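Use the sequences and the hints to build the structure in full.
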Amino acid sequence: DGGITQSPKYLFRKEGQNVTLSCEQNLNHDAMYWYRQDPGQGLRLIYYSQIVNDFQKGDIAEGYSVSREKKESFPLTVTSAQKNPTAFYLCASSDRGLSSPLHFGNGTRLTVT
Amino acid sequence: GDSVTQMEGPVTLSEEAFLTINCTYTATGYPSLFWYVQYPGEGLQLLLKATKADDKGSNKGFEATYRKETTSFHLEKGSVQVSDSAVYFCALSVDYGGSQGNLIFGKGTKLSVKP
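Chains as they are written, first to last, in the numbering used here: chain A, 1 to 113; chain B, 1 to 115.
Calculated directly from the structure, the hints in this document are not laboratory data. Hints may contain errors.
[To be verified] With a straight-line Cα cutoff of 35 Å, these simulated DSBU-like cross-link-like pairs (lysine-lysine) come out:
1) B:K77 x B:K114
2) A:K9 x B:K110
3) B:K114 x A:K57
4) B:K68 x B:K107
5) A:K9 x B:K107
6) B:K56 x A:K71
7) A:K70 x B:K52
8) B:K68 x A:K14
9) B:K77 x A:K9
10) B:K60 x A:K71
11) A:K14 x B:K107
12) A:K14 x A:K83
13) B:K77 x A:K71
14) A:K9 x B:K68
[Unchecked claim] Cβ-to-Cβ under 7 Å is the rule here; a few derived chain B residues that face chain A:
15) M7
16) G43
17) L48
18) T51
19) D55
20) T65
21) Y66
22) N102
23) K107
24) G108
25) S112
Model, not experiment: these values are computed from the prediction. Note that beta-carbon positions come from the ideal geometry of N, C-alpha and C, so glycine has one too.
As structure tokens, then:
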């Protein structure tokens with residue numbers, strides 16, 4: 001079955017450590033996205049990529065980095081510079097086109113202590 | 001800028017009650033409109049969409065009509081079930097001069113349905 005796989009589902013890190021969240025899709029979608037979800041704040045866009053080897057900052061990119069070396073993969077690194085990294089992170093992908101919906105993974109819950 | 005405003009929750013209903021979740025938007029372009037649903041511990045799933053004025057999206061008994069004159073896309077269901085308990089997000093995608101825009105989400109409305 002086609003879909004988006006995020007791993008791991010739960011991730012725990014100590015403050016000051018970088019951590020990388022995995023996102024893989026087999027839907028052959030060009031565009032991929034990372035969102036952060038906090039209680040009561042909806043979804044906020046971190047980074048997005050519309051094509052391999054290219055990506056753009058979203059609304060809250062500070063303290064995060066991404067790469068897009070392969071069409072099917074879009075890993076997100078949460079760096080030690082991110083002041084409030086504890087959150088639920090969602091990866092998504094879509095076809096090109098304004099009416100193309102996003103397909104989401106099941107998310108990674110990151111806890112930093 | 002472009003934005004989505006949806007009614008704050010939580011919304012608590014009894015089974016078989018009528019549901020309305022209000023959503024209004026502001027956009028300078030020509031948006032497509034979406035409703036997504038999120039069940040506990042999961043990612044979001046597309047519930048329905050509408051791509052132009054007066055379009056009605058529908059799925060699983062849910063409906064929403066794209067109203068350009070009132071800039072609204074309210075979600076409705078005639079008879080809710082316990083299994084509809086989830087968080088519902090309204091979202092829009094806007095054309096920025098021909099390039100694909102990204103989705104702008106509302107803050108979500110949590111629905112709880114009691115048996």
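How the hints compare with the structure:
no.	hint	in the structure
1	B:K77 x B:K114	holds, 15 Å
2	A:K9 x B:K110	holds, 22 Å
3	B:K114 x A:K57	violated, 42 Å
4	B:K68 x B:K107	holds, 21 Å
5	A:K9 x B:K107	holds, 23 Å
6	B:K56 x A:K71	holds, 34 Å
7	A:K70 x B:K52	holds, 34 Å
8	B:K68 x A:K14	violated, 49 Å
9	B:K77 x A:K9	holds, 32 Å
10	B:K60 x A:K71	holds, 32 Å
11	A:K14 x B:K107	holds, 29 Å
12	A:K14 x A:K83	holds, 13 Å
13	B:K77 x A:K71	violated, 38 Å
14	A:K9 x B:K68	violated, 40 Å
15	M7	violated, 13 Å
16	G43	holds, 3 Å
17	L48	violated, 10 Å
18	T51	holds, 4 Å
19	D55	violated, 10 Å
20	T65	violated, 16 Å
21	Y66	violated, 12 Å
22	N102	holds, 6 Å
23	K107	holds, 4 Å
24	G108	holds, 5 Å
25	S112	violated, 16 Å
Of the numbered hints stated above, those contradicted by the structure are hints 3, 8, 13, 14, 15, 17, 19, 20, 21, 25, listed in ascending order.
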